[in-house]
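Trainee: Given the coordinates of chain E, work out where chain P should sit on it, guided by the hints.
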Amino acid sequence: MRIVAICFVLLIPVLALGDDPGMSPSIQDVKKQNEAQLLKMAGVVSVGIGLDSKGNQAIIVGLDGSHPETESSIPATLDGFPVVVQTVGSIRAQ
Amino acid sequence: MTKAQAEDNLVNAAIATPLNSADIKDEIFNIGPIQGTVSGELGMSIKKSGRTTGFTTGEIQQVDVSANVQYGAGQVAVFTDQLLAGAMSQGGDSGSAVLDEGNRLTGLLFAGSETTTIINRIENVFSALGISL
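Line by line, the protein sequences are chains E and P. In terms of my numbering, the numbers along the first sequence are unbroken and rise by one, the last being 333. In terms of my numbering, the numbers along the second sequence are unbroken and rise by one, the last being 204.
Rather than coming from a laboratory, the hints here were simulated on the basis of the structure. As the structure is a prediction and not an experimental result, all values here were calculated from the model. Among the hints, a few may not be true.
Claimed, not checked - With a straight-line Cα cutoff of 30 Å, these simulated DSS-like cross-link-like pairs (lysine-lysine) come out:
{"id": "1", "chain 1": "P", "residue 1": "Lys96", "chain 2": "E", "residue 2": "Lys271"}
{"id": "2", "chain 1": "E", "residue 1": "Lys293", "chain 2": "P", "residue 2": "Lys118"}
{"id": "3", "chain 1": "E", "residue 1": "Lys279", "chain 2": "E", "residue 2": "Lys293"}
{"id": "4", "chain 1": "E", "residue 1": "Lys271", "chain 2": "E", "residue 2": "Lys293"}
Pulled out of the complex, with its shape left as it was, chain E reads as follows (with noise of 0.2 Å):
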């Protein structure tokens, strides 16, 4: 019972930080996290920032061509930032 209590108290500070809309991740920061992920799948080749269709900041997933699989497990949103996935084809070196 001791312990479960020392871990409450360990835990209030940590959830306090992360309730607090200052220390809440850039959408720099939450691209980096994870376009390393979304790079590795079939057909994603490129991953940037750009906006939505209704102006907002979004993470932009491109693909080569039709891949429906990446399409459907890409979220709609990454710690609420919203997704678009465009098809963009292959880039090439020009």
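Mentor: Then chain P, alone, in the frame of chain E:
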């Protein structure tokens, strides 16, 4: 098919020296002299004059872009901190200077797809090559 995966890259750039300086003008065909530099931002109107598609314009649609860029069959290099615009280039346009409406230099064009153009930030190019305007 095996993929050769390079480390993350910021730029695809090189320095060239003209054999005869009289062959080179210090202004860009169809654009004119460069009026300084500017950091690329979302929504910025841009233009370039390139060997293949000539003078074209576009808009920076994405920043902080990480992209898998193909170099020939099976060769892929990852680039980070790139600018992305709509279609405004084709093969042979690589190396075009990308400028804003005020003719300020913002990037170096090097890759693209049917719908996108990928541009190195000029600050990363200058830093990698140890040069400035």
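Trainee: Next step is simple, just say for each hint if it's right about the structure.
Mentor: Now for the hints, and whether the structure bears them out:
Between the alpha carbons of P/Lys96 and E/Lys271 the distance comes to roughly 41 Å, so the proposed pair goes past 30 Å and is violated. In summary, the hint linking E/Lys293 to P/Lys118 is supported, as the alpha carbons are separated by about 26 Å, within the 30 Å threshold. For the hint linking E/Lys279 to E/Lys293, the alpha-carbon distance of about 28 Å falls within 30 Å, and the restraint holds. For the hint pairing E/Lys271 with E/Lys293, the CA-to-CA distance comes to about 23 Å; that is within 30 Å, so the pair holds.
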